[in-house]
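Throw the hints in and build the complete structure from the sequences for me.
Those sequence lines, one after another, are chains A, B and C. Taking this note's numbering, the leading residue of the first sequence gets 1, the next gets one more, and so forth. Taking this note's numbering, the leading residue of the second sequence gets 1, the next gets one more, and so forth. Taking this note's numbering, the leading residue of the third sequence gets 1, the next gets one more, and so forth.
Read the hints as simulated data drawn from the structure, not as lab findings. No false leads were slipped in.
Distance ranges between label pairs, derived from CB positions:
hint : chain 1 : residue 1 : chain 2 : residue 2 : range
1    : A       : 215       : C       : 275       : 14 to 20 Å
2    : A       : 72        : B       : 59        : 39 to 45 Å
3    : C       : 362       : B       : 164       : 42 to 48 Å
4    : A       : 179       : C       : 275       : 44 to 50 Å
5    : B       : 135       : A       : 129       : 51 to 57 Å
6    : B       : 38        : A       : 90        : 29 to 35 Å
7    : C       : 167       : A       : 280       : 37 to 43 Å
8    : C       : 208       : B       : 38        : 55 to 61 Å
9    : B       : 193       : C       : 244       : 34 to 40 Å
10   : C       : 320       : A       : 129       : 35 to 41 Å
Calculated from the model, a selection of chain C residues having no Cβ within reach of chain A, i.e. all distances over 12 Å:
hint : residue
11   : 39
12   : 52
13   : 119
14   : 126
15   : 221
16   : 238
A virtual CB, placed ideally from N, CA and C, is assigned to each residue, including glycine.
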Amino acid sequence: MGMGGLDTVLEGVLLGGVYALFAIGLSLIFGIMRLVNLAHGDIVVFAAYMILTATAAAGVSLVVATVVTIVIMFAAGFALQRLVLERVLGDDILPPLLVTFGLSIVVQNGLLLVFGADSRRLQAGAFESSSIALAPGLSVGLAPLIALITAFVVVVLLQVLFYRTALGRAFRATADNPQIAQLMGIDQRNVYALAVGLSLAVSTIAAVTFGIRSNFDPSIGPARLLYAFEAVIIGGLGSLWGTLAGGIVLGLAQTIGGRIDPEWQILAGHLAFLIVLIFRPRGLFPSRRR
Amino acid sequence: MTALVSVKALDAFYGDFQALFGIDLELRRGETVAVIGANGAGKSTLLKSLAGLVRNRPDAVQLNGRDIGDAPAASIVKLGLALVPEGRHLFPSLSVEENLLIGGYGDRRRSPWNLRAVYDVFPVLRERRSSDVTILSGGQQQMVAIGRALMSNPSILLCDEISLGLAPIIVEDIYRSIPLIRANGASIVIVEQDVARALRHCDRFYCIQEGRVTLAGRPSEVDQEAVRMAYFGT
Amino acid sequence: MTTDRLPDGHVVAETSAMTKPVWRLQSATRLSRAAGVAAIVIFPLLILVPAVASRNLLQDLIFVFTMLALAQLWNVLAGWGGLISVGQQAFVGLGAYGLFAAVALAGFDPLLAIPMAGCLAAIAAAILGPLMFRLEGPYFAIGSWVVAEALRLGCAQFKPLGGGTGMSLSSAALANMTGTRWAEALFGIRAAAARDVVVYWIALLLVVGITFSIYLFVRSRLGLGLAASRDNNAAARSVGVRTYRIRYLLWVLVAFATGMVGALVYLQKARISPDAAFSVVDWTAYVLFVVVIGGVRTIEGPILGVLVLWALQFNLSGYGSLYLLLLGLIAIFVMLFMQRGIWGSAAARWDLQLFPARKLLVRDDS
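Encoded structure:
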């Protein structure tokens, strides 16, 4: 029982790494632009399919496919903002919500048309199923462990970007007050476009970590959006470390719930979210500032 | 001599509301110009129009002979015109030093204004460089706001009500920096509700009342009564 | 000297007998009066439709009426309440499951079960509301989706109503539904078709009732107060508008009506499953499409929008994913280039109002 419990906790934490990666992309856009991208989950799935196509059709290795897709998705995010989202950003929150919801429907059905409804998986060869021993008798899957480490690394890199670079200052200033930021010579259109590009790039990383360990099909996007959102709320707005923690908490909740009854896994996550909302509406680790 | 900044028949609107009616104004190189007027007269709107936060006809505002009336604020700053906005509007997510640094975001020259130079003019900021800006006193925040604008190395600095809400002794402190700023080559526009102070520090002034220029000239050439009438309109 | 007052007693002016302006509040326009007359004519015609319509047409009309009802409800919640929900399918599903529980488990008459199902949805909304209102704007939207998903998963665990695979209503349970025997006799049709006729009438009643209630709400002080809050919350509250309370009330009432519509839809289908009853595509995506195309924040808009949806559905629904893709693209384009929707843009351009809600102060110089 002791070992089984530790096993569960470990599994939950590792799952949390993937959820954290989902959540970071969502949190980035909201933090900088106050935009919630309802197509976020579907975009992660889209990235997974792109990587799949690159490996299956072009025959490149998974690593190369991922890197290429990251670059393409960054550019796509930039274009998405400049061409589409920019036109609906404003004080009214309804248009961006409706546009991104429409986008969600478009991406899902587009993927369905092109790839069909079958489940797919990203092939990573031996990497997928290898495990690593952390302690005598305690081993974890290598892929999930790398996913968690990747989540940490991404948060560290983003913190460096935001707090130690001029661009990061520009992001934070624009998030505070886009009008006054203009007086500093910052064109908010480019800042926002970079933010969306960055979000899509991070989502691609999420896609590859997810696609290696789980099956995916065009319809799973909305569920990913909900998990990302729950992780952000549980962790608390305004803090990337909080989002990471939120992802881990969600992963734990789901895994523990799943151990009790497999049918309860996702519901357990929703319940954890609702409980945090009742008792800690600002999240477990909210940022001081906003 | 051609003006550095030239404003011709500027009308400014907020939606349907007209705030400025046919403003004509000039700023010549090396000058300090004051814009005085009561609350709501349109002074801030004028500065925002110059800085690009309020858009206008292209030829309503000219900088070095170049039309900038409809240019976006981000590009106007790169042309050398910086605004210290009314109410300061520092970035709460950034520390004091980061607020200054962000001011220099669009600037490549780094001279004569850089972090060291700003700290020389406002030494108290050097002590507080890593502070959260929200815990600074009003006067210190104003210094950060001015320093932030200076970091873009402007040839024209617009100061919107920098004495607002500050104790007189602090205001004197801040106004002591004006000659230093002038000495480094900037031409300045000061917007003030405090008429006496504005007239003390300027070469020329304009008085605005209900969106129109009611009086313009040199402080030495006009008497108090004329200014009072132009200010209040009766 | 005469004193002029507004209808509520405020003194406007005191004038001598020479000039005596009389002020009155006017809402109706010529167009709105014409529309009112048209509605009074059309309504009885719609009631008589079952006498001449095929069963397919009846089912199509049930779809139109229920979609329109859901769209009007979503619209008033988002446009006036400022609550943008992507999870109204929660209440559709709750209403549907409420009806099935009342009919299959407790043996109630299906017609009676409809308002009961509405109450179930309303109670859920009353409990969940304060919780969800802690989420701001867009996060409220996703939060509502989470709630819908949680309810879907919860219902999938509820074995008495079929669990994950769902269940059907037995024809025995449906046979004694009030009105079916009467419809059978009146139109000489069999039980299943008679049920569709009764459902049609209820759907017509619901959509007219809902639209009219929304119109009255929008015109009322409450509606005005909420619209003011939407523009400037602090200012509205400073003049005494109890934003939170009105919004909460609206949220619960919308859930009640949505629940009834859900109950009615699944009464007609006579078969339920969690994935269908809580489907985000059927009960939110289509609804959003209708509202966006027609025009957000107008009452006329969704009417136009649902007709567009009907036309598209009629011609293209066989294309499955391609059809949905097209709907999504249309919605995006409309939001980008014609944000007010078809009706909204036309109304703004030519100042049209079929449901007049503005109060203009006009001088009566007669």
